[in-house]
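Peer 1: As a plain string of letters, each chain reads:
Number of protein chains: 2
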Amino acid sequence: MDNKISVSCARRMQAFVETLQDTICDALEELDGGARFKTDEWVRPEGGGGRTRVIEEGRVFEKGGVNTSAVFGDLPEPIARNFGVQETTFFATGLSLVLHPRSPFVPAVHANFRYFALGEDLEAPVDAWFGGGADLTPCYPALEDTQHFHRVWKTVCDRHAVADYYRFKEKCDAYFFLPHRQETRGVGGIFYDYMREDQEAAFAFSQDAGQSFLEAYVPLVQSNISKPYGTHERAYQALRRGRYVEFNLVYDRGTRFGLETNGRIESILMSLPPSVQWKYDVRYPAGSSEAKARWFFQPRDWITLDASEAPL
Amino acid sequence: MDNKISVSCARRMQAFVETLQDTICDALEELDGGARFKTDEWVRPEGGGGRTRVIEEGRVFEKGGVNTSAVFGDLPEPIARNFGVQETTFFATGLSLVLHPRSPFVPAVHANFRYFALGEDLEAPVDAWFGGGADLTPCYPALEDTQHFHRVWKTVCDRHAVADYYRFKEKCDAYFFLPHRQETRGVGGIFYDYMREDQEAAFAFSQDAGQSFLEAYVPLVQSNISKPYGTHERAYQALRRGRYVEFNLVYDRGTRFGLETNGRIESILMSLPPSVQWKYDVRYPAGSSEAKARWFFQPRDWITLDASEAPL
Numbered sequence: 459m460d461n462k463i464s465v466s467c468a469r470r471m472q473a474f475v476e477t478l479q480d481t482i483c484d485a486l487e488e489l490d491g492g493a494r495f496k497t498d499e500w501v502r503p504e505g506g507g508g509r510t511r512v513i514e515e516g517r518v519f520e521k522g523g524v525n526t527s528a529v530f531g532d533l534p535e536p537i538a539r540n541f542g543v544q545e546t547t548f549f550a551t552g553l554s555l556v557l558h559p560r561s562p563f564v565p566a567v568h569a570n571f572r573y574f575a576l577g578e579d580l581e582a583p584v585d586a587w588f589g590g591g592a593d594l595t596p597c598y599p600a601l602e603d604t605q606h607f608h609r610v611w612k613t614v615c616d617r618h619a620v621a622d623y624y625r626f627k628e629k630c631d632a633y634f635f636l637p638h639r640q641e642t643r644g645v646g647g648i649f650y651d652y653m654r655e656d657q658e659a660a661f662a663f664s665q666d667a668g669q670s671f672l673e674a675y676v677p678l679v680q681s682n683i684s685k686p687y688g689t690h691e692r693a694y695q696a697l698r699r700g701r702y703v704e705f706n707l708v709y710d711r712g713t714r715f716g717l718e719t720n721g722r723i724e725s726i727l728m729s730l731p732p733s734v735q736w737k738y739d740v741r742y743p744a745g746s747s748e749a750k751a752r753w754f755f756q757p758r759d760w761i762t763l764d765a766s767e768a769p770l
Numbered sequence: 459m460d461n462k463i464s465v466s467c468a469r470r471m472q473a474f475v476e477t478l479q480d481t482i483c484d485a486l487e488e489l490d491g492g493a494r495f496k497t498d499e500w501v502r503p504e505g506g507g508g509r510t511r512v513i514e515e516g517r518v519f520e521k522g523g524v525n526t527s528a529v530f531g532d533l534p535e536p537i538a539r540n541f542g543v544q545e546t547t548f549f550a551t552g553l554s555l556v557l558h559p560r561s562p563f564v565p566a567v568h569a570n571f572r573y574f575a576l577g578e579d580l581e582a583p584v585d586a587w588f589g590g591g592a593d594l595t596p597c598y599p600a601l602e603d604t605q606h607f608h609r610v611w612k613t614v615c616d617r618h619a620v621a622d623y624y625r626f627k628e629k630c631d632a633y634f635f636l637p638h639r640q641e642t643r644g645v646g647g648i649f650y651d652y653m654r655e656d657q658e659a660a661f662a663f664s665q666d667a668g669q670s671f672l673e674a675y676v677p678l679v680q681s682n683i684s685k686p687y688g689t690h691e692r693a694y695q696a697l698r699r700g701r702y703v704e705f706n707l708v709y710d711r712g713t714r715f716g717l718e719t720n721g722r723i724e725s726i727l728m729s730l731p732p733s734v735q736w737k738y739d740v741r742y743p744a745g746s747s748e749a750k751a752r753w754f755f756q757p758r759d760w761i762t763l764d765a766s767e768a769p770l
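Heads up: the protein sequence lines correspond to chains A and B, in order.
Heads up: the first sequence begins at 459 in my numbering, then just goes up one per residue.
Heads up: the second sequence begins at 459 in my numbering, then just goes up one per residue.
Next comes chain A alone, as it looks inside the complex:
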């Protein structure tokens, strides 16, 4: 690994995600046409800090956050143990976003792009890698939306030798799975981690992916935002959001990592949806839109799928 290059990766990745944060927030504000993002800058006592940007009670977005951070210092003990490393110093920077639209017909979305380095010297990290991904969580999934989302990520992956759409898509399906519900959180996307062989190539891919987020997601807002809905659809959305909470609090590594390492709670739990319901043993009749949606919550090869295979 060329350490001189890796140096610049740390600071260049930080600069990249900070710029991307504003680009994405500007676009989402324009899309929302109502609420604006508020900004909280915070300092991490042990080193570094971040910028949390949150939108609430918007026309399109009931709640959403686009956060960046760049933190460094002593590696928290549980993570050092998890990594199985002797190194006790780290640097991490990244962008993490979650959007919970108000309309049950507009999918929720999550994405993050991050860089992690181990070692005292950013100029010569002992180890360093990129990770990230994006995944879509519709309540009422539509095959064409799902295909659009996946096609954007496949196209991005196809542009980079370090990226493999099918491998990243499978990682995403495996990660965003709720064993106790035997279903995926949504319709997946891509997920990659520990991309470390060629740092410059990994950085280039991460940049391309980050810059493709709006192309993957914004059309799904535009095509669904005008669909009418009522209390029935909102109640179902509140139940589906319950599954989202179950995933994030029970399984999500980032959330649990944040809780265990005394992270900034409001930024970590910003990912949780507003207006959630848990009711006992809700069942939707066969043939209803809600029952049909379940077909989508299993891993499938969306891109090659024939439309006739999806439930009408």
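The list makes no distinction among identical chains, and a pair is therefore deemed to hold if it is satisfied within one copy or across any two copies.
Under the rule of at most 20 Å between Cα atoms (straight-line distance), these lysine to any residue pairs were calculated in the SDA-like manner:
#1 K737 <-> E514
#2 K496 <-> D739
#3 K750 <-> H690
#4 K737 <-> D498
#5 K737 <-> A693
#6 K737 <-> L697
#7 K629 <-> T762
#8 K737 <-> T497
#9 K737 <-> D490
#10 K629 <-> F541
#11 K737 <-> G721
It is worth saying that the hints were derived from the structure and are not from the lab.
Once you've looked at the hints, dock chain B against the given chain A.
Peer 2: Same frame as chain A, but now just chain B:
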């Protein structure tokens, strides 16, 4: 340990919790004056089963469940590892209840009473113990309610040589604590586990505690149910319920145990409140009822506390 006595503990405890379930449900239905409990009997494929009784959309109770189960079979591997035992056969029976009232002024409550035995032969278990407890989760805590609840449990404990109110209260405070929020889930109660020295005495205490639940809780419904509230109080309640979800999904051993061991999901997650909200970084002004409530979410010796110490 007298094995003949322990035998009967298993089946007598099962009979006790099944009777207690109906006693409690009858009293709560009368208190509610609106909704009735629905009953689901379920069978556990690996052995045993249970009876889930759920009330929803009541006049008093927005959601609640009073469940019993008696399950047996091979000890799931994660639990055997956790216990550090060679034994692979178990029997467990118990009652577990959670009530989420509609009014933000009526406290939520949780209680459970259980018996666990290890070994092939219920007539001669290799090991067996009782556990349980009850704890109160108000949104707007009142000192007199908190004192009433704790006094009932202290009185019960004082009747039994095997029980120690202060030890059980401290266990409860330690257990129902959210490290990431640095606060207790509610105002506590009692919590005991691995009570195994004198099985008959442990069973007598568990029965007394179970039979005291209504005395501990019902007066708190009666004294608060008529207090008027509006959207402000309901929004605060929805946020407090978010903390309840965070506790149950992130920390609660019973919930995580159930999820890891392929338990009946609808019965396990019955404990989660209806109508929950997560908003970003909500703060209530100093002096507001909501800000004052935080004083209660730290462990305190409620029984000896002087009323002048509580925030007005």
